[in-house]
Amino acid sequence: MAPPAQSQRSPSPSQPSGKGEVSDLKSQLRQLAGSRAPGIDDSKRELFKKVISYMTVGIDVSSLFGEMVMCSATSDIVLKKMCYLYVGNYAKVNPDLALLTINFLQRDCKDEDPMIRGLALRSLCSLRVANLVEYLVGPLGSGLKDNNNYVRTVAVMGVLKLYHISASTCVDADFPAMLKHSMLNDSDAQVVANCLSALQEIWSSEASSSEEASREREALLSKPVVYYFLNRIKEFSEWAQCLVLELVGKYVPSETSEIFDIMNLLEDRLQHANGAVVLATIKVFLQLTLSMTDVHQQVYERIKAPLLTLVSSGSPEQSYAVLSHLHLLVMRAPFIFSSDYKHFYCQYNEPSYVKKLKLEMLTAVANESNTYEIVTELCEYAANVDIPIARESIRAVGKIALQQYDVNAIVDRLLQFLEMEKDYVTAEALVLVKDLLRKYPQWSQDCIAVVGNISSKNIQEPKAKAALIWMLGEYSQDMHDAPYILESLIENWEDEHSAEVRLHLLTAVMKCFFKRPPETQKALGAALAAGLADFHQDVHDRALFYYRLLQYNVSVAQRVVDPPKQAVSVFADTQSSEIKDRIFDEFNSLSVVYQKPSYMFTDKEHRGPFEFSDELGHLSIGAESTGTVVPAQRVEANDKDLLLSVSEKEESGGPSNNASAYSAPSYDGSSVSAAASSQMLSELAISSVTGHASQSSLAIDDLLGLGLPVAPAPAPSPPLLKLNSKAVLDPGTFQQKWRQLPISLSQVYFSTMT
Amino acid sequence: MPLAASAIYFLNLRGDVLINRLYRDDVGGNMVDAFRVHIMQTKELGTCPVRQIGGCSFFYMRISNVYIVIVVSSNANVACAFKFVVEAVSLFKSYFGGAFDEDAIRNNFVLIYELLDEIMDFGYPQNLSPEILKLYITQEGVRSPFSSKPTDKPVPNATLQVTGAVGWRREGLVYKKNEVFLDIVESVNLLMSSKGSVLRCDVTGKILMKCFLSGMPDLKLGLNDKIGLEKESQLKSRPTKSGKTIELDDVTFHQCVNLTRFNSEKTVSFVPPDGEFELMKYRITEGVNLPFRVLPTIKELGRTRMEVNVKVKSVFGAKMFALGVVIKIPVPKQTAKTSFQVTSGRAKYNAAIDCLVWKIRKFPGQTEPTMSAEVELISTIAEKKSWTRPPIQMEFQVPMFTASGLRVRFLKVWEKSGYNTVEWVRYITKAGSYEIRC
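Chains as they are written, first to last, in full-length UniProt numbering: chain A, 1 to 754; chain B, 1 to 438.
Bear in mind the hints are in silico, worked out from the structure with no lab data behind them.
Just so you know, these numbers come straight off a predicted model, no measurement behind them.
Ideal placement from N, C-alpha and C gives every residue a C-beta, glycine not left out.
Among these hints, one or two may not hold up.
[Unchecked claim] DSS-like mimics (lysine-lysine), calculated; alpha carbons at most 27 Å apart, straight line:
no., chain 1, residue 1, chain 2, residue 2
1, B, K206, A, K234
2, A, K304, B, K206
3, B, K333, A, K342
[To be verified] Chain A residues, not near chain B, derived (Cβ > 12 Å throughout):
no., residue
4, T56
5, I102
6, P253
7, L308
8, T309
9, L418
10, K580
Construct the entire structure; sequences and hints are all you get.
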């Protein structure tokens with residue numbers, strides 16, 4: 001362990017006040033620059049430290065550039081590093097002065113100490129000044145051939161940096177080919193790994209303009225290359241292994257036996273201490289077996305234990321990342337964790353983001369056998385101190401109820417929630433009772449009895465209030481007080497701020513009128529009058545519509561507003577299966593966490609409303625392809641209100657017969673802030689463009705099947721391509737073993753990708 | 001997509017930048033501001049460790065009083081990003097001697113910049129192994145492993161090891177006394193319902209080692225786990241010895257462990273790194289021996305009084321004892337006065353966490369001390385809602401006890417020079433999240 005002496009090395013940098021200090025430093029640096037006195041390095045170091053600390057806190061010290069460069073003539077490594085850091089930070093804004101540094105950096109690149117050579121090369125490439133690139137080519141070229149591996153690792157990354165400053169210089173100097181050579185021949189694993197990262201980036205972005213580059217990119221996924229990496233996998237660092245596994249996940253084996261060979265070789269990676277390696281391996285297993293249904297299921301069995309370990313070990317942030325992946329998996333294969341549901345019970349002290357995902361997991365794994373336990377546990381959370389979590393858990397109970405398991409017991413529980421007398425619990429429970437009634441009208445008697453006892457005055461939240469009002473309208477013949485409650489609500493029309501509630505109120509009072517005309521007539525008149533005077537366009541329009549409808553013919557109005565309804569059988573899934581498959585293809589990435597495919601958040605056009613709300617111009621392009629847009633929009637809406645939105649999008653049973661009661665959701669959609677809708681418009685634009693996909697990223701190409709190398713690799717001689725025979729079992733036994741794994745009986749939901 | 005970090009920031013709780021390191025140009029320089037405005041200064045902080053702002057994604061973690069933020073612009077590998085932060089922090093800790101907080105960062109910021117340069121290049125993680133980095137980024141910061149100064153201790157072939165294949169151990173180590181320390185550290189997680197049934201219970205364990213061994217030793221570890229024992233009896237063709245065998249749900253190993261051999265022979269064999277490291281981690285859900293049973297009875301007597309009785313039984317061997325036992329029993333916020341009677345240890349009311357805290361420094365096995373407390377509450381008029389009780393929480397350490405029952409059967413050290421080694425094995429069980437609902 002490090003001795004505490006370290007702390008005395010540099011006093012805590014004081015917060016500087018500004019310019020005075022900078023000019024002070026300037027003169028001090030000047031004095032030191034020419035001096036050759038002994039111990040000069042120490043005083044230089046103190047000064048440099050001050051400069052760096054100013055730089056860190058955001059004070060502009062670029063005016064010291066000249067002095068810093070002058071002082072950099074030293075053999076002290078720490079001084080050099082600080083100077084390099086400084087130069088790297090300010091060269092971009094001082095391109096002219098940066099030229100001054102080229103000299104000493106180039107000299108250092110030839111130093112006899114490989115450490116200095118490496119550092120200098122790294123800094124040289126970090127200058128990021130476009131007109132200095134000519135000075136990079138020479139040192140990079142010799143760096144790549146350096147006999148020291150440290151210098152080579154740095155040089156490989158340097159090539160990538162050069163590519164980002166000036167792609168043409170990099171390509172013209174033939175660096176990609178040199179990297180390819182190193183990748184396949186270098187003895188050092190880190191050099192090889194860096195070559196892979198660099199080439200993936202370079203060829204992906206070159207692929208759009210050069211056919212050769214796109215061939216090269218595909219060649220990275222060819223059998224010889226993939227096997228080469230697989231055979232060396234144990235030499236790589238854990239981070240590089242992630243990289244390699246990502247590559248292997250994209251490889252499409254030509255034969256079944258190959259799949260087993262690869263899995264056999266990689267199986268021990270599932271026991272790696274680094275969770276990222278384990279997840280990457282899992283991805284490989286899942287992708288490889290997509291076309292083999294039974295093996296794919298066995299893979300689920302095999303990866304269960306490592307995944308559960310990852311959830312329970314490590315920091316909450318890491319658990320969060322893993323849980324997001326579990327959630328994705330469980331959506332595809334609900335059976336996978338159904339007997340391990342107890343792993344998703346929340347601990348009291350866990351952060352809410354972990355709890356939230358665990359609640360989603362509990363909802364997803366619920367089935368006939370475990371529903372009772374899960375719902376019991378969820379009810380515990382409803383009394384949780386953390387109100388958002390309490391809400392989530394109530395919604396979770398409702399979702400499980402809508403999945404049709406053991407509805408009996410659940411309805412009782414929900415009704416108990418209504419009696420808990422906590423505002424938010426009542427509110428959430430009301431919304432759920434409404435959804436339940438739409439699916440299971442047979443429970444109306446029990447529910448109405450309890451709902452009737454709730455005073456509308458205690459309900460503040462618009463969604464809950466709307467739900468209550470809906471029930472009042474729908475079941476007005478069973479609820480004795482219904483017309484009167486509605487009447488008192490209409491009296492307070494002015495105080496009702498939510499347009500959603502006012503819309504529901506209009507509809508409810510209409511329905512009530514058809515069932516109990518004499519008692520409701522007065523209220524209806526008041527409601528229509530208030531609605532017509534409403535400043536909100538939708539409310540006004542609906543009131544006017546009802547008014548004219550009634551004027552035209554009351555029985556027609558009844559058929560429109562309050563037709564006999566069919567129970568909703570299935571609430572529509574909020575995400576299309578296409579989107580889900582895309583996310584699954586991007587397993588082990590941000591897509592899984594955000595629950596949307598990468599093009600939605602990495603492509604400029606898809607980003608949030610932050611900087612790009614002015615990109616409305618794309619609208620014209622998008623007009624043709626409305627079909628593709630729908631899923632994207634759904635996802636957006638989904639993000640805003642994942643759980644509630646489920647209840648609002650139903651596959652309507654009859655044609656437009658329930659227009660009235662259910663039009664609130666569509667209203668919701670239109671009221672999304674202007675920013676969000678502009679985002680949708682821009683999505684409209686991109687989804688039409690993706691078809692051409694010329695400039696889109698590698699990921700999309702892959703998704704659309706463009707990037708996958710169907711073309712066979714240049715036929716190599718077979719014996720070269722044997723995987724290491726170090727594998728545990730011979731292929732035959734291994735396959736046998738996989739076949740023997742227990743096959744889960746439940747069905748799997750996934751579509752084959754191939 | 002791999003992890004390609006565009007920038008890393010270290011911020012203190014106020015949002016001041018302690019360290020900023022830009023790796024790539026694809027994000028603007030004002031990313032810290034975006035983080036501050038859209039995450040730190042909103043209620044969003046702590047609701048989700050991954051956030052998207054504009055076209056960038058932010059991963060952030062709080063470690064003591066510091067936020068570490070990684071900014072990426074691509075569809076990055078999340079698990080990799082968080083693991084990287086965790087590893088980087090442990091690397092910094094090993095340099096600073098334990099603590100990682102704002103002060104440590106301010107005092108060592110030059111060193112941190114040096115390390116950030118080495119552990120990540122252009123956003124791609126490089127070498128994070130402290131054993132190797134310490135060879136060329138030293139405390140004094142001046143030592144280059146390649147310098148030919150005779151005063152420096154020669155570090156043979158350091159660059160080879162910077163990236164080399166046996167990254168975790170260098171050659172030519174010599175110790176006068178060859179010693180191995182092995183600790184099995186388990187933490188028990190329990191969630192018990194108010195009716196006393198176990199809702200969920202598991203053990204996560206790790207085996208920590210400290211090796212002071214000369215040369216390139218080969219170590220072999222035998223445990224009383226089911227698979228290992230079965231394999232052994234199979235190999236030696238004699239029946240499994242009676243006695244407890246442990247079924248491990250899942251195991252992960254340090255990179256030094258030969259996984260191929262583990263899979264075929266079920267023995268843990270490895271060439272250890274020098275010094276301290278975590279050899280393996282495991283998880284067990286079946287057959288867990290809970291060291292403590294907690295039997296609470298809480299009665300609310302009217303609006304202003306509560307009676308709390310808690311009995312804690314220790315169910316491990318009578319010769320053993322637990323240390324640092326703390327039992328936290330939640331009480332309502334409006335607690336005014338408390339009085340206690342305990343048969344062992346001390347109890348008091350802690351208003352900051354709204355808990356009765358009962359501490360027992362040394363808790364022998366097979367005993368059952370009790371605590372009874374009377375709690376007086378301030379009566380409030382508005383209080384119509386019933387109080388929802390958070391669970392009772394417990395902390396403890398039980399040395400020489402493993403909740404899983406795991407034991408080391410043998411630890412063999414083999415080195416070509418054939419020296420003798422001294423092996424030390426310890427066991428300890430700690431409370432993970434030990435919760436009892438009441």
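Hint by hint, here is what the structure shows:
1. K206(B) x K234(A): The given pair, whose Cα atoms are some 23 Å apart, holds under the 27 Å limit.
2. K304(A) x K206(B): Status holds; Cα separation ~20 Å.
3. K333(B) x K342(A): Violated, at about 31 Å.
4. T56: Since the minimum Cβ distance to chain B is about 6 Å, T56(A) lies within 12 Å and the statement is violated.
5. I102: I102(A) clear of chain B: closest Cβ-Cβ about 19 Å, beyond 12 Å.
6. P253: Consistent with the label, P253(A) stays out of reach of chain B, its closest Cβ about 22 Å off (over 12 Å).
7. L308: 7 Å, violated
8. T309: 4 Å, violated
9. L418: Holds: least Cβ distance 14 Å, greater than 12 Å.
10. K580: 16 Å, holds
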